[in-house]
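These protein sequence lines map, in sequence, to chains A and B. In case it helps, this note's numbering puts the first sequence at residues 2 to 364. In case it helps, this note's numbering puts the second sequence at residues 88 to 344.
No lab work stands behind these hints: they were computed from the structure. Remember, it's a predicted structure, so these values are computed and weren't measured experimentally. Treat the hints loosely; a few may be bogus.
To be verified - Each pair of labels, with its calculated beta carbon distance range: (1) 146(B) x 41(A): 19 to 29 Å; (2) 216(A) x 267(B): 48 to 58 Å; (3) 267(B) x 36(A): 30 to 40 Å.
Built from N, CA and C at the ideal position, the CB exists for glycine as well.
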Amino acid sequence: MSQPTERPPEHVLTAPAPTETVITGRRLSDNTPQTFAARFRENIQYSRGRGALEIGVIVALVLIGFIIAGLVAPSQFPFLSASNLSGVISQSIPVLALMGIAAGILMIAGEFDLSLGANVGFTAIVFINVSESAGWGWGIIAGLATGTSIALVNGLIVVLTRIPSFIATLGMGFFWVGASIFVNGTSPAILVDGKDDALVAIFAGDFGFFRSQLLWLIVIGFVMWSFLHRHKLGNHIFAVGGNPSAAKAISIKPNSVRLLAFGVFGLLVAFAAILISVRTGSMQPGSTDDYTLMAIAAAVVGGTSLNGGRGSIIGMVIGAALIRLIENGLILAKAPGFYIQLFVGLIIVIAAVFNKLMEGKAS
Amino acid sequence: MTSDYLLRLEGVTKRYGANTVLKDVSFDIGKGEVVGLLGDNGAGKSTLVKIMSGVVPMTSGAYYWDGAAVPTVNRPTTESLGVETIFQDSALVPQMSITRNIFMGREITNPLGFMKLKKMDAIASNILDTVVTIEGIKSSKQLVASLSGGQAQAVAIARAVHFKRSLLILDEPTSALAVRATEALLDYLRQLKSEGVSSVLVTHNLHHAYKVCDRHIVMNHGKKILDVRREDTSVEELTAAVVEGEVGVNRFRAGTF
Numbered sequence: 002m003s004q005p006t007e008r009p010p011e012h013v014l015t016a017p018a019p020t021e022t023v024i025t026g027r028r029l030s031d032n033t034p035q036t037f038a039a040r041f042r043e044n045i046q047y048s049r050g051r052g053a054l055e056i057g058v059i060v061a062l063v064l065i066g067f068i069i070a071g072l073v074a075p076s077q078f079p080f081l082s083a084s085n086l087s088g089v090i091s092q093s094i095p096v097l098a099l100m101g102i103a104a105g106i107l108m109i110a111g112e113f114d115l116s117l118g119a120n121v122g123f124t125a126i127v128f129i130n131v132s133e134s135a136g137w138g139w140g141i142i143a144g145l146a147t148g149t150s151i152a153l154v155n156g157l158i159v160v161l162t163r164i165p166s167f168i169a170t171l172g173m174g175f176f177w178v179g180a181s182i183f184v185n186g187t188s189p190a191i192l193v194d195g196k197d198d199a200l201v202a203i204f205a206g207d208f209g210f211f212r213s214q215l216l217w218l219i220v221i222g223f224v225m226w227s228f229l230h231r232h233k234l235g236n237h238i239f240a241v242g243g244n245p246s247a248a249k250a251i252s253i254k255p256n257s258v259r260l261l262a263f264g265v266f267g268l269l270v271a272f273a274a275i276l277i278s279v280r281t282g283s284m285q286p287g288s289t290d291d292y293t294l295m296a297i298a299a300a301v302v303g304g305t306s307l308n309g310g311r312g313s314i315i316g317m318v319i320g321a322a323l324i325r326l327i328e329n330g331l332i333l334a335k336a337p338g339f340y341i342q343l344f345v346g347l348i349i350v351i352a353a354v355f356n357k358l359m360e361g362k363a364s
Numbered sequence: 088m089t090s091d092y093l094l095r096l097e098g099v100t101k102r103y104g105a106n107t108v109l110k111d112v113s114f115d116i117g118k119g120e121v122v123g124l125l126g127d128n129g130a131g132k133s134t135l136v137k138i139m140s141g142v143v144p145m146t147s148g149a150y151y152w153d154g155a156a157v158p159t160v161n162r163p164t165t166e167s168l169g170v171e172t173i174f175q176d177s178a179l180v181p182q183m184s185i186t187r188n189i190f191m192g193r194e195i196t197n198p199l200g201f202m203k204l205k206k207m208d209a210i211a212s213n214i215l216d217t218v219v220t221i222e223g224i225k226s227s228k229q230l231v232a233s234l235s236g237g238q239a240q241a242v243a244i245a246r247a248v249h250f251k252r253s254l255l256i257l258d259e260p261t262s263a264l265a266v267r268a269t270e271a272l273l274d275y276l277r278q279l280k281s282e283g284v285s286s287v288l289v290t291h292n293l294h295h296a297y298k299v300c301d302r303h304i305v306m307n308h309g310k311k312i313l314d315v316r317r318e319d320t321s322v323e324e325l326t327a328a329v330v331e332g333e334v335g336v337n338r339f340r341a342g343t344f
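Please take these sequences and the hints and turn them into a complete structure.
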C-alpha cells in the first residue's frame, strides 16, 4: 500500500481552458461550509442514504407513543417506571446493540455470520468454566480469544474456499452448538466461585439508572464508530463490501479486509457473551440461537445493506433500540411471547424492503 | 538502468484453457507517450489491459519497466511502479462519497491511521474544481451512486491524476462521457503528456484516439496487426485495420479499401 501523498494545490493540474463560454459556476472549494451548523446540515444531507435518519424518526415516534401511553395509564402500561426504563435503555438495548454492531460491520464488508448465537453460547461456556477454575481475569481472556477464534475460523473458511459465508457459518453454527454440549454437557454452566463483586460491578453493575451494559455500549460504540467511519481500515471495509474489484484495483487486499471484519465481529460477540453470562450467572448450551437473527435484524433495521457497502454504527444502535422498545411494549401490554417473534420476523422483511427501495433511489 | 521506454511487453501470450486470447504480443510504451489501443470486441484489448495493470497473469512473455525486467507481475508490483488503470465500470465504490473514493487505499491519516477527513474533503474539492471540469457535482461528500456515468468516470480520472501515476491506462473512458466532458478528457491527456506521464487509451472511438494519441496499436483476434506513429497513419487506415484486420490494412495500402 503506498503512502498517501499530499500535494500542494499549485501542483494539481489545471483544467483545460473552456473552449466556449467561461463557466462561472460555484467552485466546490468555495462552497465548503464554514460554521458548525452548516457542516452538520451538509453531513445530514449527504448521509441520508445510510438510513439512520429515517429509522431514528420511527424510533422517536414509537418512544413518544410509549411515553404518552405510560403517562395516561401508568398502572396498565408501566413504561415510565424507573426499573423498566433502566432495564430497557441501560441493559437490553445495549447488549443487542453490541451484537448488532458486530453483525453490521460484517455485513458492510459483504459477509454474514449465522453462527453468532452459537458463538455467544460456546464463548460463554468457556468464560464461565475458566472463571470457575482459574479466576475471572483468565476467564475474560479465554472468552475473548474463543469468540474471536471462532469467527476467524469462519472467515478463513469463507476466504479460502470462497463458499458463501451464510452457508459456511450456518454449518459452523450447528458445529459450535454441538461442541458446547460436548464440552459442557446438557446442564447449564453456572458462574459461582468466579462471580465476585468486582466482576459484577464491571459487567453487570447497577448504578441507579445507568448500568454497566450502557456504559460499555457508549465506550465500545465510540471506539467502533472511530474505527468504521474514521479509520482507514474502516474505509477499506466499506470499499471491499461495496465494490471488491474497485478496492482490489487500488491494491486493497479484499481477503485481508474480510478477515479483519470477521475478527472484529468475533471480538464484539465474545464481549456480548461475557456481558450476558455475568448478568445471568449461567449459560444453558443451545439457548442462544435467537441472538443470530436478532442481531442481524438490528443491523438491517438500522439501514445496513444486505449487499454490503452501506451502514452506520448509529443506525445499528437505533435498530437495536427499535426492536427492544417494541419488544418491551409487547411485554408491558401482556402480549403472548410469540408476538415478539411475529414482530421481529416482520420487521426484518419490512426493513429489507425499505433498504432496497433506498438503494434504488440512491443509484 | 534507464531506457527510452517506460513499459515494454515482449512475446506476451495468454491462454484461458485451450483458448488463446493473446498471441505473442510485443510493444513499447514510451515515456510521456499517449498510445491508443484499438480493436474490435474480442480483439484482446481488455486482457492486455489486465496484464499491463497486473490484475491477470500472463501465460508466457516478459514485462520490462524502464529497462529492467519485472520478475513477478501482480497488482502490488504494478501499483508501486505507478500503473493506474481506470476500468470501465469498476473503478469506484458507489456507496461511498467522492472524497472517500478518491482517497480509497491512500487515505491521509494521522500516525494511528485515523483519516483527516476535513483535509481530504478540501483536497477533493480542489481536485474536482481544477483537474477535470465536471458539472453538476454539489459537494465532495456526495455519494458516487448519485453521479452520472460521465461524472463518475471523471472522478476516477481525477483520482489517478492527483496521485500522479507514471502510466495511466484508460479503459473506454469516453464511452460514458458527454461531448464536452470528452473534449476536456482528451485535452487532459495532452496535458498529462506534457507532464511526462504516459497513458494508454483503450477505445472503440477511432476519432478520439486519433486526436490525442502519438501512436496507435491495433489488435485483431489476439494479435497485434498494426503499430504506427500518428504521422504515418490516418483515421481511414485505422478504420480498415479495426474492421477487417490485416486484410484491411493490406487492402487500404493497395488502395482498394
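Status of the given 19 to 29 Å range, CB of residue 41(A) versus CB of residue 146(B)
With a Cβ separation near 56 Å, residue 146(B) and residue 41(A) fall outside 19 to 29 Å, so the hint is violated.
Range hint compliance [Cβ, residue 216(A) to residue 267(B), 48 to 58 Å]:
Holds - the Cβ-Cβ distance for residue 216(A) and residue 267(B), about 57 Å, lies within 48 to 58 Å.
30 to 40 Å was suggested as the range; check whether the CB atoms of residue 267(B) and residue 36(A) agree with it.
Roughly 35 Å apart at Cβ, these two residues keep to the hinted range, so it holds.
Hint 1 from the earlier list is the only one contradicted by this structure; the remaining hints agree with it.
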